[in-house]
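Colleague: Please model the entire structure based on the sequences and the hints provided.
Here the protein sequences line up with chains A and B, keeping their order. Residue numbers for the first sequence follow my numbering, so the first one is 326 and each next one is one higher. Residue numbers for the second sequence follow my numbering, so the first one is 2 and each next one is one higher.
Derived from the structure by calculation, the hints contain no laboratory data. What you were told as hints is all true, and nothing was included just to trick you.
Where chain A lies over chain B, by a calculated footprint (3+ residues, C-beta under 8 Å):
| id | segment |
| --- | --- |
| 1 | 63 to 76 |
| 2 | 290 to 299 |
| 3 | 320 to 334 |
Please read these numbers as outputs of a predicted model, since none were measured by experiment. Where is the CB? At the ideal position from N, CA and C, for every residue including glycine.
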Amino acid sequence: MLQGTAALETVVEAAPHVGTPSIEALSVPRAELLQVAWEVEAAERDSMLPPALHPVSPPVVTFSFLRARECAHGPFTLAEVRLLCRSGIRTRGYHVGAFVDNPDVAQILATGWGFRVAVADVTMSRRYDGATGRVAVDGSVALAAGHTAPRALSPSDLQYTSTMNPARLDRGLRLLQVEREFQFASAERGEPFLDMFDAAACGEPRLRPTHPVSASSAVADVTFKPVRFVCRADVWAFEGTEPLVIPEKQSRE
Amino acid sequence: MPDEIDERGRLNGANYHGRGSDVKFGIFFELSVPRPLTRSAEQSVYHNALEQARLADELGFDTVWAVEHHFLEEYSHCSAPELFLTAVAVQTERIRVGHGAVVCVPQMNHPIRVAERAAVLDILSGGRLEFGTARASTWTELGGFGVDPDTTKISWDEYVHLLPRLWTEERVAHRGATVSMPERPVLPKPVQDPHPPMWVTVTTPGTELDAADRGIGCLGVAAASFQEQERRTLEYRKRVALCDPVSSVVNDQVATMNFLYCHPDDGMATAAGGQMFNAFMLLNGHLLWNREVYPTAAYQSLANLAPAAGRSESENPSERRPVPDGIAIGDPDRIVKAIKVWEEIGVDAVNFVLNTAEVIPQEDVLSSMRLFASEVLPAFNSGRP
Numbered sequence: 326m327l328q329g330t331a332a333l334e335t336v337v338e339a340a341p342h343v344g345t346p347s348i349e350a351l352s353v354p355r356a357e358l359l360q361v362a363w364e365v366e367a368a369e370r371d372s373m374l375p376p377a378l379h380p381v382s383p384p385v386v387t388f389s390f391l392r393a394r395e396c397a398h399g400p401f402t403l404a405e406v407r408l409l410c411r412s413g414i415r416t417r418g419y420h421v422g423a424f425v426d427n428p429d430v431a432q433i434l435a436t437g438w439g440f441r442v443a444v445a446d447v448t449m450s451r452r453y454d455g456a457t458g459r460v461a462v463d464g465s466v467a468l469a470a471g472h473t474a475p476r477a478l479s480p481s482d483l484q485y486t487s488t489m490n491p492a493r494l495d496r497g498l499r500l501l502q503v504e505r506e507f508q509f510a511s512a513e514r515g516e517p518f519l520d521m522f523d524a525a526a527c528g529e530p531r532l533r534p535t536h537p538v539s540a541s542s543a544v545a546d547v548t549f550k551p552v553r554f555v556c557r558a559d560v561w562a563f564e565g566t567e568p569l570v571i572p573e574k575q576s577r578e
Numbered sequence: 002m003p004d005e006i007d008e009r010g011r012l013n014g015a016n017y018h019g020r021g022s023d024v025k026f027g028i029f030f031e032l033s034v035p036r037p038l039t040r041s042a043e044q045s046v047y048h049n050a051l052e053q054a055r056l057a058d059e060l061g062f063d064t065v066w067a068v069e070h071h072f073l074e075e076y077s078h079c080s081a082p083e084l085f086l087t088a089v090a091v092q093t094e095r096i097r098v099g100h101g102a103v104v105c106v107p108q109m110n111h112p113i114r115v116a117e118r119a120a121v122l123d124i125l126s127g128g129r130l131e132f133g134t135a136r137a138s139t140w141t142e143l144g145g146f147g148v149d150p151d152t153t154k155i156s157w158d159e160y161v162h163l164l165p166r167l168w169t170e171e172r173v174a175h176r177g178a179t180v181s182m183p184e185r186p187v188l189p190k191p192v193q194d195p196h197p198p199m200w201v202t203v204t205t206p207g208t209e210l211d212a213a214d215r216g217i218g219c220l221g222v223a224a225a226s227f228q229e230q231e232r233r234t235l236e237y238r239k240r241v242a243l244c245d246p247v248s249s250v251v252n253d254q255v256a257t258m259n260f261l262y263c264h265p266d267d268g269m270a271t272a273a274g275g276q277m278f279n280a281f282m283l284l285n286g287h288l289l290w291n292r293e294v295y296p297t298a299a300y301q302s303l304a305n306l307a308p309a310a311g312r313s314e315s316e317n318p319s320e321r322r323p324v325p326d327g328i329a330i331g332d333p334d335r336i337v338k339a340i341k342v343w344e345e346i347g348v349d350a351v352n353f354v355l356n357t358a359e360v361i362p363q364e365d366v367l368s369s370m371r372l373f374a375s376e377v378l379p380a381f382n383s384g385r386p
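Modeller: Shown next as structure tokens:
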């Protein structure tokens with residue numbers, strides 16, 4: 326069985342500090358979503374994941390965009406890069422890096438859910454001929470991906486997975502399981518494209534895209550749920566999972 | 002109007018690769034290899050499996066099944082099952098050999114080659130072939146062969162209708178959605194007349210209905226609970242009685258997958274067998290299922306990884322997959338009781354995984370098989386040696 330081999334000290338260096346993982350949900354009604362999946366070179370697959378997580382074969386990254394036109398903290402567009410993996414036997418994406426165009430939201434995502442997030446120029450558009458997401462940092466494009474030729478899917482055909490975000494908690498380095506609930510209103514799949522990927526700017530210079538997998542876009546009510554589980558980064562999830570007690574009011578949401 | 006249905010819920014007048022009164026027992030090979038993945042480790046797994054197949058033949062097991070998988074490191078190194086099963090056939094005398102199952106997509110197996118290989122295997126085994134069909138469900142395999150996941154149900158359906166023609170008609174021409182061919186004689190023909198019994202592997206709920214509608218056997222390849230298997234079996238029986246069969250012969254059997262570790266000490270059996278079960282589920286859970294990365298109506302399930310509806314606790318990554326009921330791990334008494342329930346549910350065959358990634362030493366696997374044959378088989382056996 327494969328396991329990540331990343332040195333924990335390098336994981337810690339890049340992880341944000343989270344005093345208390347979020348106990349409140351963040352709701353985004355009618356969010357527009359885009360996810361592009363791409364195979365990457367396998368050679369350094371294991372060394373990009375902490376020992377708690379298990380690689381999949383072939384290794385696949387997802388480039389995800391979320392455009393929130395309405396949100397309690399103001400409109401924002403979020404871009405994330407994740408490396409697919411397993412926590413125990415659960416399907417997960419390991420958080421590599423993120424960008425958002427709203428500093429308030431950046432603060433909330435970093436301190437509540439452990440997003441390694443930078444403020445940048447992030448855009449996402451869905452059109453009848455496709456969808457495009459783009460990240461520019463200091464005027465340079467770090468990520469541009471999307472799809473053409475959309476075909477309608479049933480919303481039930483989509484299933485986006487949860488994310489493991491490394492974060493420095495008071496109890497030490499932990500992986501926060503970031504769960505999002507999606508109530509899909511519409512969904513499409515199209516021909517994926519990846520026009521630009523600056524791996525170093527996105528948080529992991531060893532990610533080398535090799536082969537397209539898929540791209541989908543959707544409209545959904547998205548809820549970032551309170552953090553229920555954190556995992557030690559050094560042992561597998563069967564041993565290192567620590568459930569968090571969520572106040573009853575939030576847990577019912 | 003359908004034909005008349007007999008007291009066993011079968012169409013009168015149809016031919017059957019039929020159900021017998023005894024539950025049948027098979028062994029089921031994924032050929033999983035422990036890390037480090039050395040050439041000698043692979044060879045050892047193959048040689049151990051052949052030894053288990055020879056012993057199964059001697060002990061009175063009914064079938065040896067072998068999967069077809071590609072690129073699935075550790076989980077399954079069984080990429081050329083027709084060759085492995087040929088070796089099984091020539092090293093055994095009576096046990097049936099089960100292609101479980103051939104992936105029915107053109108990029109991986111052209112239907113003409115499938116028909117040819119199966120016929121040769123039926124000849125070399127003396128008419129002992131069971132023929133399973135499947136369509137693959139991991140991105141690792143589908144992506145590796147450049148298969149469009151949207152098309153695999155279509156190609157599978159086309160294959161199961163075309164293959165009986167290739168085995169029975171002197172010359173066949175075909176124009177289809179995923180394959181076409183001008184008129185040719187496909188050679189040789191199988192020993193079994195009109196052709197070997199056909200099956201489809203069932204992991205996703207609903208595939209049993211595809212099997213029933215076509216008069217094909219239901220080959221369970223994911224461990225199901227008693228309740229789930231009973232529901233599937235009942236649905237299958239209802240539908241197969243009114244099937245539109247893909248050939249002149251109906252296979253109306255239901256087989257379920259199980260795990261076997263039989264030991265006189267129930268506690269030791271549970272410890273070692275549980276280790277095997279957990280290893281299997283872990284490797285299975287680490288596969289990259291198509292649905293996870295390629296959304297499509299053709300793959301509706303995240304297989305065993307999908308959280309059960311309404312069970313928020315299933316997002317807990319520390320939870321292992323629970324051991325379903327009816328697993329044949331324990332002392333002989335426990336295993337007899339479990340299989341009696343399968344029998345009552347109406348399952349025709351139980352196929353056992355004997356090991357995973359060699360976590361159980363080969364001598365212990367062979368001892369488990371011998372104990373099963375001496376203490377468990379007689380409770381279900383009216384005619385075996």
